[in-house]
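Trainee: Sequence:
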Amino acid sequence: MIKYLIEKEFKQISRNPFLPRLIMFYPLIVLLIFPWAATYEIRNINLCVVDNDHSTYSQQLVEKAVSSGYFRLTAIEPTYQQAMQQIESKKANVILEIPPYFKRDLINKQSADVLIASNAVNGSVGGLSSQYMVDIVNSYAAGIRKKWAQTGQTASTQPTIEVVSQNRFNPFLNYKFYMIPAMMVMVLTIMTGFLPALNIVSEKEAGTMEQINVTPVPKFTFIFSKLLSYWIIGFFVISISFLVAWIVYGFVPTGYLSTMYAFAGIYILAVSGMGLIISNYSDTMQQALFVIFFFMIVLILLSGLFTPVNSMPEWAQWIAAFNPLKYFIEVMRSVYLKGSQFSDLLPQFFALIGFATFFNAWAIMSYRKNN
Numbered sequence: 001m002i003k004y005l006i007e008k009e010f011k012q013i014s015r016n017p018f019l020p021r022l023i024m025f026y027p028l029i030v031l032l033i034f035p036w037a038a039t040y041e042i043r044n045i046n047l048c049v050v051d052n053d054h055s056t057y058s059q060q061l062v063e064k065a066v067s068s069g070y071f072r073l074t075a076i077e078p079t080y081q082q083a084m085q086q087i088e089s090k091k092a093n094v095i096l097e098i099p100p101y102f103k104r105d106l107i108n109k110q111s112a113d114v115l116i117a118s119n120a121v122n123g124s125v126g127g128l129s130s131q132y133m134v135d136i137v138n139s140y141a142a143g144i145r146k147k148w149a150q151t152g153q154t155a156s157t158q159p160t161i162e163v164v165s166q167n168r169f170n171p172f173l174n175y176k177f178y179m180i181p182a183m184m185v186m187v188l189t190i191m192t193g194f195l196p197a198l199n200i201v202s203e204k205e206a207g208t209m210e211q212i213n214v215t216p217v218p219k220f221t222f223i224f225s226k227l228l229s230y231w232i233i234g235f236f237v238i239s240i241s242f243l244v245a246w247i248v249y250g251f252v253p254t255g256y257l258s259t260m261y262a263f264a265g266i267y268i269l270a271v272s273g274m275g276l277i278i279s280n281y282s283d284t285m286q287q288a289l290f291v292i293f294f295f296m297i298v299l300i301l302l303s304g305l306f307t308p309v310n311s312m313p314e315w316a317q318w319i320a321a322f323n324p325l326k327y328f329i330e331v332m333r334s335v336y337l338k339g340s341q342f343s344d345l346l347p348q349f350f351a352l353i354g355f356a357t358f359f360n361a362w363a364i365m366s367y368r369k370n371n
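Counting with full-length UniProt numbering, you get residues 1 to 371 for the letters of the sequence shown.
Because the hints were derived from the structure by calculation, they are not lab data.
Even glycine gets a Cβ: it sits at the ideal position worked out from N, Cα and C.
Do not take every clue at face value.
Simulated crosslink set (DSS-like; lysine-lysine; CA at most 27 Å straight-line) [said to hold, decoys possible]:
1. Lys90 with Lys64
2. Lys8 with Lys204
3. Lys338 with Lys91
4. Lys147 with Lys90
5. Lys219 with Lys64
6. Lys338 with Lys176
7. Lys146 with Lys109
8. Lys64 with Lys8
9. Lys103 with Lys64
10. Lys219 with Lys3
11. Lys204 with Lys219
12. Lys91 with Lys147
13. Lys219 with Lys91
14. Lys8 with Lys147
15. Lys204 with Lys3
16. Lys109 with Lys64
17. Lys3 with Lys64
18. Lys90 with Lys3
19. Lys146 with Lys103
20. Lys11 with Lys219
Have a look at the derived ranges for each label pair, beta carbon to beta carbon [to be verified]:
21. Gln131 with Met365: 46 to 56 Å
22. Ala206 with Gly250: 39 to 49 Å
23. Leu32 with Gln12: 26 to 36 Å
24. Val66 with Gln286: 51 to 61 Å
25. Gln82 with Phe220: 48 to 58 Å
26. Gln131 with Thr284: 27 to 37 Å
Construct the complete structure from the given sequences, taking the supplied hints into account.
Mentor: Structure follows, in structure tokens:
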């Protein structure tokens, strides 16, 4: 029975000459144009400090970084490896490592090294974070030189600090590599959200829904056949996106492609279920279109696609916690740039499973055969 219902769905799609073209060309247009045009600014950069010196000089440097307004101190770790765990768990964006004998070298050798390591999954954030910290360190060194000059020391004995900067996960700070995975999610969301939202209501307007309602097809089977149809379409869309990223940008995932496909399968079910809910409650296609458009705009803006969620007001971060786009964007960026494995993405997995279960259960219960 499900086989025939799925065939019916694809026949309905093929009868509309616009929909097959939309499914084929929309991912191409978005991924070829949007990554070149999208930009955003950052705020509230999370800083993790590794202070191996524990001197007044190192404390002053950390205080200067925090008081600059660009950084907020989120952790102080004893080793660089533990600090990297803060970056990998997305609790920190930048590591400032102050070496042992920082104060002694600054006084005796008139020079000292510090290490700045930034999470460059987002090339823009990584580059700006490193630059902000470099400017702060240089300003701190200039302040010490001025202070020493006032004490009568010569310019040759004034201290200098050499900064070594590292960009983790995105060494060349390529902003397109940060945006492309998120654009894939946006394309998949629009295709598997809009089409289901217009599906049932279009059958209501065409009068074919009455024919389905008089058949013994259970509600679960009917909704499941629609979900499975858009699940297949969603896999086709995401596969096109992967190919465009590889052929046009030379962008391939650091992690496993199978991990992204697994999460995509769950995500498609969640978004398609949401679309079917809207279609069940709508009386006309125009009404369904306005409702799904409203939700899509809100979900995309609060997903972290353009603006980091951490930079949003607290109330917006609470709303974003209930946004499935946010979790799938995190998955795509983590697998593409960081090489994250399934075990690293368990919070996102359980969140998407919860969304898929909730939306699809609601879609089944809200479908009324007596309409």
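Trainee: Could you run down the list of hints and mark each one as holding or not?
Mentor: Each hint tested on the structure:
no., hint, in the structure
1, Lys90 with Lys64, "holds (23 Å)"
2, Lys8 with Lys204, "holds (15 Å)"
3, Lys338 with Lys91, "holds (15 Å)"
4, Lys147 with Lys90, "violated (38 Å)"
5, Lys219 with Lys64, "violated (63 Å)"
6, Lys338 with Lys176, "holds (15 Å)"
7, Lys146 with Lys109, "holds (17 Å)"
8, Lys64 with Lys8, "violated (66 Å)"
9, Lys103 with Lys64, "holds (16 Å)"
10, Lys219 with Lys3, "holds (15 Å)"
11, Lys204 with Lys219, "holds (16 Å)"
12, Lys91 with Lys147, "violated (36 Å)"
13, Lys219 with Lys91, "violated (44 Å)"
14, Lys8 with Lys147, "violated (80 Å)"
15, Lys204 with Lys3, "holds (22 Å)"
16, Lys109 with Lys64, "holds (23 Å)"
17, Lys3 with Lys64, "violated (66 Å)"
18, Lys90 with Lys3, "violated (44 Å)"
19, Lys146 with Lys103, "holds (17 Å)"
20, Lys11 with Lys219, "holds (21 Å)"
21, Gln131 with Met365: 46 to 56 Å, "holds (53 Å)"
22, Ala206 with Gly250: 39 to 49 Å, "holds (45 Å)"
23, Leu32 with Gln12: 26 to 36 Å, "holds (29 Å)"
24, Val66 with Gln286: 51 to 61 Å, "holds (53 Å)"
25, Gln82 with Phe220: 48 to 58 Å, "holds (49 Å)"
26, Gln131 with Thr284: 27 to 37 Å, "violated (53 Å)"
Hint compliance for this structure: hints 4, 5, 8, 12, 13, 14, 17, 18, 26 are not met, and every other hint is.
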